[in-house]
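Construct all of the structure, not just a fragment, from the sequences and the given hints.
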Amino acid sequence: MSETSPAASGTKSLMPSAQERAKLRNTRRLKDSISKWGITTAGLAVVAALGLIFFYLFSEVFPLLKDAEVEVVDSYPVAQVSSAENQYMLLERYEQIGASLTSAGTVEFFEADYGKPLVNYAVDLPAGVEMTALGKSTPNNGLIALGLSNGELLLSQISYGLTYPDDKRKITPELDYPLGETPIVMDPEGKALRAVAVQATGRGHVLAAITEDNRIQLGVYTSRKNMITGKITSNGRVFTMPGLPGDAKAQFVQVDQTARHLVVADDQAQLHTFAVDTPSNASLTESVPTGRGQVTAMEFLVGTGSLVIGTDSGSVSQWLLVRDPKNVYHVKPVRDFEGLPNAITTVSPEYTRRGFLVGDSEGYLGIYHGTAARTLLVEQVAEAGIAQLAISPINGKLLILDQAGTVQVTEVWNEHPEISFSSLWQKVWYEGRSEPEYVWQASSGGDESESKMSLVPLSLGTLKAAFFAMLFAIPLGIMGAVYTAYFMTPKMRGLVKPTIEIMEALPTVILGFLAGLWLAPFLENHLPAIFSILLLMPVMMVLVGFGWSHLPGAIRHRVSDGWEAAILIIPVLLTGWLCVAVSPHLEIWFFDGSMRQWFTNNGINYDQRNALVVGIAMGFAVIPTIFSIAEDAVFNVPRHLTQGSLALGATRWQTVIGVVLPTASPGIFSAVMMGFGRAVGETMIVLMATGNSPVVNFNIFEGMRTLSANVAVELPETAVDSTHFRVLFLASLVLLALTFIVNTCAEIIRQRLRKRYSNL
Amino acid sequence: MKNWFKSGAPWIWLNGGAVALCIVMVVGLLGLIAIRGFGHFWPADIMQTTIVDKAGVGKAILGEKVRSETIPAAVARDGGYEIGDDVELVTRYLVKEGNRDVSARDFNWYLGIGMGEWEYPENAVSIERREWGNFYGFPQQLLENGAVIASLGEETFWQELSERVERSLDIHSDISHIEKGAIGRINHKLERIRLDKRRLELQGADAATMAAAEAEFAARRAELDAQYVEVKAERDALYKLLERDTLIATVASGREVKIPLQNIVRVTRPNAMGVFGKMGQYVERFWEFLSDEPREANTEGGIFPAIFGTVTMVLVMSIIVTPFGVLAAIYLREYAKQGPVLRLIRISVYNLAGVPSIVYGVFGLGFFVYILGGSLDELFYPESLPAPTFGTPGLFWASLTLALLTLPVVIVSTEEGLSRIPTTIRQGSLALGATKAETLWKVVVPLATPAMMTGLILAIARAAGEVAPLMLVGVVKLAPSLPIDGNYPYLHLDQKIMHLGFHIYDVGFQSPNVEAARPLVYATALTLVLLIIVLNLTAIRIRNSLREKYRSASD
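Protein chains in written order, with the numbering used here: chain L, 5 to 764; chain G, 34 to 588.
Fair warning: there could be bad hints in the mix.
Said to hold, decoys possible - The list that follows gives simulated cross-link-like pairs (lysine to aspartate or glutamate, EDC-like), each with its CA atoms no further than 20 Å apart:
| no. | chain 1 | residue 1 | chain 2 | residue 2 |
| --- | --- | --- | --- | --- |
| 1 | G | Lys39 | L | Asp565 |
| 2 | L | Lys27 | G | Glu471 |
| 3 | L | Lys35 | G | Glu471 |
| 4 | G | Lys510 | L | Glu505 |
| 5 | G | Lys475 | L | Asp36 |
| 6 | L | Lys40 | G | Glu471 |
| 7 | L | Lys495 | G | Glu471 |
| 8 | G | Lys510 | L | Asp565 |
| 9 | L | Lys253 | L | Asp271 |
| 10 | L | Lys172 | G | Glu234 |
| 11 | L | Lys495 | L | Glu505 |
Derived from the structure by calculation, the hints contain no laboratory data.
And the structure:
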């Protein structure tokens, strides 16, 4: 735009004055740049918002990959909080109050952060008797057994009362005696107890002890509280277990929550398992060498399905109670962790997860997770050996007591130990199972159940659903596309294309509901129909075609080429009706009246909502995707290519096989990929047309659970930022990445093809 | 023959067959939904017959025939029926007997074998009730405060019955008007007072202000309480009125049942109705379905809140998605520097249309609801914490999530529209001295409007049918009130909504009585399908006419 000189003065011009024009130009320039910047900002914002999906999902998943971290925030001498030698240290769930149990039999509560003493409770020990051993249940029960020098055992339990005076939380520590304040005689001979163990079970408390002269005692006790006096009376018996083989000396003892298994570690690097279902008739089932050295610490993880064993060589291993086919339980080492450099001194299980902390004799700390077989941290945190590790129930704070008598207050970050490559994608040996398996069972029944988060069943389910859907959709979609693009008359094409587009737009919730409520019961009752349709339909089409070609020309020529599909509609309907009508008779003739029953009798599982139903319903949803893109590719094959082929004498079909398909094949391939992408991510159909059971098989008559359906079902009920929550985000990220990659490949292939067509 | 095979003609027929099969499937599916959906409203005749049950005992039944099927006799034998060995196939009928309060099951299968003649007694009625589902039986007497007013056989009986049902329906609508309107408003105001007070506390107002405010709040509260007492008295009086009438009826077995009239929604006597009567009834039921609220855990009544919720959500979504989608498309097509980076971006944006919708739901729940919503709550609604306002799934987040989901659709469609505009038009405008913005807004964009409309319609169609993400971000099975009402701020963006698609999923798969809910699911599905087909056909029409227009313009 060049400046023009103003019109000569004198003559009256309609043109605005130079000043006005300049102003107008400025406004226009301003508007132009506002428009430019506004649109650019909005455009980039939209692109960024879409990109944000990736980043956000990844940021939610990222913490799963992080290892544990500990940071020492303070330390104080143990003497400050423990008047005698500390035997056991605990931390409660609000991470405010610590408890220290001393060898003098006192329980002393203190402020965990500063070591300021709060309350002391003295346990009344009989005169002249001292504490010789200490055993604890899994930490969530908070039971502590004190083994005494006169062969008696006193069971105590620490609990915390919560009140909210003035809207402020007040925690009151309490000490209870679940079996009463009178100690229980574990050894009638009155020998001192060297080691004790306790668990709360469905039938009361089970107690175990090793006496000074190497006998193993087991007691089963129940208690009753008098409602008026509040006095607790206990009731039970003590049994003596068979002795250990050879001259082995029992060192550690543990008993599980079912009160059926007693595990003893001796001084010759062996583990002994006792079956104590009927304590009066207990037997030693097995003695196995640890193979990892002398046991120096042994604890059950929460749920008591597995033991963690630390040895003098610093090895840390997890042992499961595994049932063999004869219903006999064995302890089996299933996981070895990256050990600590020195002898293990203490093992401290977490309260609600299968995680545990381990300390060694030179001040190294290890944090592990059992199910995930994951070593989250190995770090030297103290100069002297570690005596006690008190982790809080919410895993946020840890008190480390070393043998030099220093208590270190540490902050812990260990949010997601359950996840590792092996726990997500490999077979895992879960507690209570007889072999490693792929299991998805993330919604836990309670704190004690082991969460099983293998993505394999879900991924396989996704692929299974997609596979059967593609099996149904690919032939129909591609063949339909070839016919529509190449053979069909334009008039009919104008009807068919919108129909297919409507098919694409049908909400999947409707397909899913029809599949679940109509198709699934229908198929169940007409199973032979589906197989006979599969066989008869193509035969019928060819027969009709053959018959048509032999009709008198007068009729044949009335319908031009390209109407084959329309001619076939009636025969298709008739064949379908015939197959359904004959289906009950087929069942009677060949399958003893019920094909479904016949399947079951022949060892094939049949679920009403199965992969076949999903295959058909999702195939229906995928056909239009494949159809549209493939049709586009075939239709756009340059005319001169096909005309050349026809001119050389090839038949129409030969032209299709020899020229059209090879040229359009990348487009058809990309159509299939797009269809696959859609099938993988489809949610509602799978949700409604399968039983959503995460099975690992490819049986067409069983259901599956896919990644997407799993997210839809479980995410609304998951705690925000929990491991389960993040794993579901991981599942979404996997879906997103998978479909994005597949679609991008397909899109690039398509664009290449378009370029090639324009060059041809 | 050999030649015919050699020429490849069978393959052509097979390919044609694939198309035929697809068409048959689509049309069949639509037909199935239409027949089942529309059929739901037709007042079916009530049949009466006798059957022989598994134990060989005869029994009279009364109800509507739902469907019948033929099964191999072996299956029935497995089910415990005694059937002669020579029988191969048996027919069985599913009969809706209703009367959940009398017999536990309202739907039962009965074998055709041993079934008596079917009769259609003229006095058989089906009564839709507010509780216990439908009642099938014969009315006997009408009581007012325990005294007989009319008996079956008297001329005025039917007249009297319908008048009295009408009266109780009127009272019911008055009551629901009071409960939803007046009482709802009072509760809303009380809640606002509580929030105002809490806000003052949070702001750390001093004692004097607090006291003054407290006095004012107390006055306002007292006034509302007084209003409430008044309204409640009015409502209680109406409830009292409702209890007046009772209908005594007998079921098929002859047992007498008392049905309070306040429990009755509709009494129909289908066997005594002519075709026109039934058509009238049909229209009435259809209208009730579209305009009423659901009853009995969504398995009866209407779907109005679901329609309303879907429409509101889609409207809010359109308001968000249109400007952003259009601007993004204009940016990509007109302003961005064309090159490999832009190509990558464009492919990515296009591909986002193929990303599973559930992923958007996950993103919406995590980012919009928990992060954005949580921050909004802390900033603007601290007074109602810890109860979340926007920090929980709701209408706005559902709309926003769907807007994100449909952005690619709008962008792709708008871009296509922009690219179809002949360059000559653009060049013409620029040659006349228009700036780029002027060319864009006065020439290009108006020409591309139909394409944008197409995109928007397709986006709406997709959003209306999408369910999976909504399950995470704001759709519930039963919303207590509509997202738009008479209480400030009128449009409640934080409220949870009902949705047609989710309604189908919920009623069809989560309801305890699937058989009773089935017809309703079909009807809901039909509504949704019709909505979506209409939207799509509109989009296709616009697009086709657009193509024609530019074909002639560019020639």
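*Okay, which hints does this one fail, numbers in order?*
4, 7 and 8
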